[in-house]
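Chemist: If you want the building blocks of each chain, they are given just below.
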Amino acid sequence: MSILVLGLGNILLMDEGLGVRAMEQFDAGWSVPESVSVVDGGTCGMDMLDLIASHRHLIAVDAVKTGAPAGTLVTLRGDDVPAYFKGKLSPHQLGLCDLLASLRLQGEAPDSVTLIGCVPLALGTGLMLSPEIEARLPAMVQAIIAALRDLGVEPQSRAL
Amino acid sequence: MTQRIVVDPVTRIEGHLRVECDVGDGKVTKAWASGTMWRGIELILQGKDPRDAWVFAQRICGVCTTVHAITSVRAVENALKMEIPLNAQYIRNLIQGAHNVHDHIVHFYHLSALDFVDITSALKADPAATAKLAQSLSDWSLNTTGEFATAQKKLQAFINSGQLGIFGSGYWGHPAMKLSHEANLMAATHYLQALDVQRKMNKVVAILGSKTPHIQNMAVGGVTNPINLDSQSTLTLEKLTYIKTLIDEVGDFITKVYIPDVAAIGAFYADWTKIGRGIVNYLSIPDMPLDTKGTKFALPAGFIENGDIVKGFTPIKDFHDPYFEKGVKESVKHSWYQGGKGALHPYDGETIPNYSDWQDDGKYSFIKSPTFYDKRAQVGPLANVLGLYASGHQRTQFWVNAVLDSVSGLVGSKIGVDALHSTIGRHAARAVRCVVLHEELSNQWTLLMENIGRGDTMTFNKPVFPKEEVRGFGFHEAPRGMLSHWVVIDKGKIKNYQAVVPTTWNAGPRDEDDRISAYEAALIDTPVAVADQPLEIIRTLHSFDPCLACAVHLTDTENSSTYQVKVV
Numbered sequence: 001m002s003i004l005v006l007g008l009g010n011i012l013l014m015d016e017g018l019g020v021r022a023m024e025q026f027d028a029g030w031s032v033p034e035s036v037s038v039v040d041g042g043t044c045g046m047d048m049l050d051l052i053a054s055h056r057h058l059i060a061v062d063a064v065k066t067g068a069p070a071g072t073l074v075t076l077r078g079d080d081v082p083a084y085f086k087g088k089l090s091p092h093q094l095g096l097c098d099l100l101a102s103l104r105l106q107g108e109a110p111d112s113v114t115l116i117g118c119v120p121l122a123l124g125t126g127l128m129l130s131p132e133i134e135a136r137l138p139a140m141v142q143a144i145i146a147a148l149r150d151l152g153v154e155p156q157s158r159a160l
Numbered sequence: 001m002t003q004r005i006v007v008d009p010v011t012r013i014e015g016h017l018r019v020e021c022d023v024g025d026g027k028v029t030k031a032w033a034s035g036t037m038w039r040g041i042e043l044i045l046q047g048k049d050p051r052d053a054w055v056f057a058q059r060i061c062g063v064c065t066t067v068h069a070i071t072s073v074r075a076v077e078n079a080l081k082m083e084i085p086l087n088a089q090y091i092r093n094l095i096q097g098a099h100n101v102h103d104h105i106v107h108f109y110h111l112s113a114l115d116f117v118d119i120t121s122a123l124k125a126d127p128a129a130t131a132k133l134a135q136s137l138s139d140w141s142l143n144t145t146g147e148f149a150t151a152q153k154k155l156q157a158f159i160n161s162g163q164l165g166i167f168g169s170g171y172w173g174h175p176a177m178k179l180s181h182e183a184n185l186m187a188a189t190h191y192l193q194a195l196d197v198q199r200k201m202n203k204v205v206a207i208l209g210s211k212t213p214h215i216q217n218m219a220v221g222g223v224t225n226p227i228n229l230d231s232q233s234t235l236t237l238e239k240l241t242y243i244k245t246l247i248d249e250v251g252d253f254i255t256k257v258y259i260p261d262v263a264a265i266g267a268f269y270a271d272w273t274k275i276g277r278g279i280v281n282y283l284s285i286p287d288m289p290l291d292t293k294g295t296k297f298a299l300p301a302g303f304i305e306n307g308d309i310v311k312g313f314t315p316i317k318d319f320h321d322p323y324f325e326k327g328v329k330e331s332v333k334h335s336w337y338q339g340g341k342g343a344l345h346p347y348d349g350e351t352i353p354n355y356s357d358w359q360d361d362g363k364y365s366f367i368k369s370p371t372f373y374d375k376r377a378q379v380g381p382l383a384n385v386l387g388l389y390a391s392g393h394q395r396t397q398f399w400v401n402a403v404l405d406s407v408s409g410l411v412g413s414k415i416g417v418d419a420l421h422s423t424i425g426r427h428a429a430r431a432v433r434c435v436v437l438h439e440e441l442s443n444q445w446t447l448l449m450e451n452i453g454r455g456d457t458m459t460f461n462k463p464v465f466p467k468e469e470v471r472g473f474g475f476h477e478a479p480r481g482m483l484s485h486w487v488v489i490d491k492g493k494i495k496n497y498q499a500v501v502p503t504t505w506n507a508g509p510r511d512e513d514d515r516i517s518a519y520e521a522a523l524i525d526t527p528v529a530v531a532d533q534p535l536e537i538i539r540t541l542h543s544f545d546p547c548l549a550c551a552v553h554l555t556d557t558e559n560s561s562t563y564q565v566k567v568v
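From first to last, the protein sequence lines stand for chains A and B.
By my numbering, the letter at position 40 of the first sequence is numbered 40, and the numbering carries on one by one without gaps.
By my numbering, the letter at position 315 of the second sequence is numbered 315, and the numbering carries on one by one without gaps.
No lab work stands behind these hints, which were simulated from the structure alone.
Some clues are possibly wrong.
So the derived label-pair ranges between C-beta atoms look like this [to be verified]:
#1 B:Ile159 / A:Met128: 43 to 51 angstroms
#2 A:Ala68 / B:Gln3: 35 to 43 angstroms
#3 B:Thr245 / A:Ala68: 45 to 53 angstroms
#4 A:Glu108 / B:Glu469: 46 to 54 angstroms
#5 A:Gly107 / B:Asp139: 23 to 31 angstroms
#6 B:Met1 / A:Glu108: 45 to 53 angstroms
#7 A:Met128 / B:Asp248: 40 to 48 angstroms
#8 A:Leu151 / B:Asp490: 23 to 31 angstroms
#9 A:Glu132 / B:Arg454: 56 to 64 angstroms
#10 A:Ala68 / B:Gly26: 40 to 48 angstroms
#11 A:Ser2 / B:Asp490: 25 to 33 angstroms
#12 B:Lys375 / A:Gly107: 46 to 54 angstroms
#13 A:Ala28 / B:His345: 37 to 45 angstroms
#14 B:Phe398 / A:Glu132: 54 to 62 angstroms
For every residue, glycine included, the Cβ atom is placed at its ideal position computed from N, Cα and C.
Let the sequences and hints guide you as you build the complete structure.
Modeler: In C-alpha cells, the structure reads:
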C-alpha cells in the first residue's frame with residue numbers, strides 16, 4: 001500500500017513551482033508512515049518512471065490552468081485525470097501524461113492517480129510565490145491530507 | 001508558388017519551439033526557428049552564493065538536471081582555479097556518462113523514432129517474419145516471434161484504449177513513412193524494451209547522486225559522497241558493485257539493438273543522408289577529466305571548421321583553454337532582448353527582455369545567437385563524434401566505421417563519413433556516442449575502484465573565495481551538445497551568470513551578420529510532401545534533439561495548449 005506524493009513544477013518561475021512548494025509545506029508540517037514517499041519531482045519526465053512504478057498510488061500536486069481564476073483549487077481522481085491532461089491544461093502535461101502512458105504500456109501504471117492542482121497567478125522569473133498563491137498553500141496541504149485519508153493513511157501533525 | 005508553414009509548437013521535445021518555413025516546389029526555401037518563451041535563470045543567480053548556483057541551475061530543465069549541476073560547479077571551480085579530487089572526477093564522470101546514455105536511448109526510441117516508424121503499420125506485421133528480419137540484423141536474445149507477438153498485442157490494446165499519450169502526434173500513413181510492417185513492428189517492440197533499459201541507466205544516476213530527479217551530491221570542490229566501503233550510509237562496495245551490474249546490463253541493448261536499429265533505419269531511409277546538412281562547423285569540448293586539474297580527458301574534442309576533420313580541426317585542450325574561452329560570443333540582434341552593443345562575450349552578457357512581434361528580418365526569438373570566433377557552429381552528438389574522430393579516439397573511429405559499414409552492407413553501396421552531415425547522420429552519431437560513452441562508463445568505474453583501492457577516499461576540496469573579482473567558465477559535453485556556464489564572482493557573490501546551452505547554438509535565430517543557425521540551415525531544401533503534415537520538417541528538427549526548456553522558458557500555457565500546423 002505505497003503512496004507517492006509528488007510535487008511538480010519549476011521553482012524558478014514563481015507560481016509555476018506551487019506544486020513543489022505545497023508538497024514542501026506538507027512535508028514540513030506533517031509526518032507520514034514509511035509507505036508514503038513525499039518527493040519534489042520538479043519538471044522531470046522519464047527520470048521519474050521508476051519512482052512512480054514503485055508506488056501503487058500517485059498523488060500529483062501541480063500548477064494547472066483551467067481557465068478558472070487564479071488561486072482556484074481542483075482535485076481530480078481516476079479517469080478524470082488522464083482526460084484532464086489530454087486537454088494539455090498543466091504546464092507539465094507532456095511529462096506526467098507521457099509517464100503515465102508509458103507505465104500503462106508496461107503494465108505498471110499506478111492503481112490510482114489523484115491530481116491536486118491550483119491555478120497560478122504569476123509566472124515570471126523568481127523563487128517566491130505570489131502572495132495570493134502563497135496564501136492558498138494551506139488549502140492545498142489540506143487537499144493532500146484529504147487525498148491521503150481517502151487512501152486510508154492518517155498523516156500526523158509534526159507540531160504535536 | 002511559395003507557402004508559409006508554421007509549426008507551433010514542435011511536439012515530442014522539451015519546451016516550446018516554433019518554426020516557420022517558406023516552401024516552394026515541395027522544398028523548404030527559407031526557415032526561421034524561434035524559442036517563444038524566455039528564461040531568466042541568470043537574473044535569479046545574481047547576488048547569490050556561487051556555491052549554491054548549481055542547486056538553482058539544475059532546475060533550469062527537467063531533463064538535464066545533472067548536466068547543469070556539473071557545469072555550474074565547474075564554472076565556479078574554474079574561476080577559483082581549483083583542483084578536484086580524483087574520486088570526485090570519476091564519480092561525476094559516471095553520473096554524466098549514465099545520464100547521457102540514458103538520454104540518447106530515450107531520444108532515439110521515445111522522442112524521434114516515431115518520425116520514421118509507423119505504429120499503426122506495426123499492427124499489421126507478421127511476428128514470425130519480423131523475427132526473421134530482426135535476426136538477420138542482430139543476435140539480440142529478445143528478437144523472437146513470441147516477443148514480437150506480445151508487443152503487437154500490447155500496442156493494439158493501448159491504441160484501442162484511445163488514450164494515445166506518447167503516440168499522440170505521430171503522422172500515421174504519411175507518404176514519407178517507408179518502413180515495411182515488419183520493420184515497424186521490430187522498431188516498435190524495441191521502443192518498449194528501451195523503456196525498461198533506460199530506467200537502469202537512470203538508477204546509476206540515482207545511486208551516485210543520492211536522489212533523482214534532482215541530484216544532491218554535487219559541490220563546488222568535488223562531490224559529497226563519502227567513500228567508505230563498509231559503512232551503509234556511504235558509497236559502499238555493495239552499491240558500487242550494483243552500479244557495475246546496471247552498466248553491464250545495458251551494454252547488450254546498445255550494441256545489439258540500438259546500433260543495428262539506427263543502421264537499419266539509416267539504410268531504409270538512405271535518402272535522408274542527403275537531407276539536413278546545414279552548418280558544418282562543429283563545436284565540442286573534451287570531457288570526462290582524468291586528472292585533478294582538468295588537463296587530461298578520456299574523451300578529447302575541439303572545433304571543426306567546414307566539415308574538414310583533418311585540416312579544419314583545432315583541439316580544445318583543457319578546462320582553462322583560452323582558445324575556447326575567447327571564442328564565444330552571443331548576439332541578440334534578432335532576439336527579443338535589448339541590444340545595440342553588438343555580439344557580447346558571456347562574461348559581459350546581458351539578458352534584458354524586450355518583446356516585439358514576429359519580424360522575419362528583425363527580432364523573432366527569445367533564444368540568443370552564439371558564435372565561435374564569429375562563425376556559426378553546430379553542437380551535439382554529431383559534433384562530438386566528429387571531434388572524437390578527429391582527435392584520433394580509437395573506439396569512436398571503430399564504431400563510426402562499424403555503423404557506416406553496416407549501412408553500406410544493407411544498401412549495397414559504400415556510405416562514407418560525409419553521410420554523417422545529415423538528418424539521419426545525427427541519429428547515427430548519437431548511437432555511436434551512446435556506445436562510446438557506455439564503454440567509457442566501464443572504464444571510469446574501474447578507475448574509481450582502483451583509486452579507492454589505493455586508499456584514496458578524498459572527494460572534496462574546500463573552495464576559498466578571494467575578495468577581488470574573479471571569473472570563470474565551465475563546460476560539459478551534454479546529451480544535446482556542448483554546454484557552458486560563465487560566472488563573474490565579486491566578493492564571494494555572483495555578479496553575472498550566463499548559461500550558453502546547446503540548443504542555443506543550434507536553434508538560435510539569425511546572428512549579428514544575419515547568418516542563419518544550424519536548425520534553419522538544416523531545414524533548407526528539406527522536402528515537404530504534404531504542407532499541413534510537415535513530417536519531414538519535424539524529422540530534421542528532431543534529429544538535433546531539441547530541448548528548449550533551458551534555451552528559454554515558460555511564461556504562457558493557455559495559448560500554447562494546442563498544437564497547430566498552419567499553412568499561410
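Chemist: Now, for every hint given, state plainly whether the structure supports it.
Modeler: Do the hints match the structure? See the list:
Checked against the given bound of 43 to 51 angstroms, the beta carbons of Ile159 of chain B and Met128 of chain A, roughly 44 angstroms apart, stay inside it. The given range of 35 to 43 angstroms is respected by Ala68 of chain A and Gln3 of chain B, whose C-beta atoms sit roughly 39 angstroms from each other. For the pair Thr245 of chain B and Ala68 of chain A, the beta carbons lie near 49 angstroms from each other, so the given range of 45 to 53 angstroms is met. Range check, Glu108 of chain A to Glu469 of chain B: Cβ separation about 52 angstroms, and the 46 to 54 angstroms hint holds.
For the hinted restraint 23 to 31 angstroms between Gly107 of chain A and Asp139 of chain B, the CB-CB distance of approximately 27 angstroms keeps it satisfied. Roughly 51 angstroms separates the CB atoms of Met1 of chain B and Glu108 of chain A, a value that falls within the hinted 45 to 53 angstroms. Taken as a hint, the range 40 to 48 angstroms holds for the pair Met128 of chain A and Asp248 of chain B, whose Cβ atoms sit roughly 46 angstroms apart. Between Leu151 of chain A and Asp490 of chain B the CB atoms are about 51 angstroms apart, so this pair departs from the stated range of 23 to 31 angstroms.
A hinted range of 56 to 64 angstroms holds for the C-beta pair Glu132 of chain A and Arg454 of chain B, which are about 58 angstroms apart. Against the hinted window of 40 to 48 angstroms, the Cβ-Cβ separation of Ala68 of chain A and Gly26 of chain B comes to about 46 angstroms, which satisfies the hint. For Ser2 of chain A paired with Asp490 of chain B, a C-beta distance near 48 angstroms fails the hint of 25 to 33 angstroms. For Lys375 of chain B paired with Gly107 of chain A, a C-beta distance near 51 angstroms keeps the hint of 46 to 54 angstroms intact.
Evaluation of the 37 to 45 angstroms hint for Ala28 of chain A and His345 of chain B yields a pass: the beta carbon distance comes to about 43 angstroms. Restraint check, Phe398 of chain B to Glu132 of chain A: a C-beta distance of roughly 60 angstroms satisfies the suggested window 54 to 62 angstroms.
This entry does not satisfy hints 8 and 11, going by the numbered hints stated previously.
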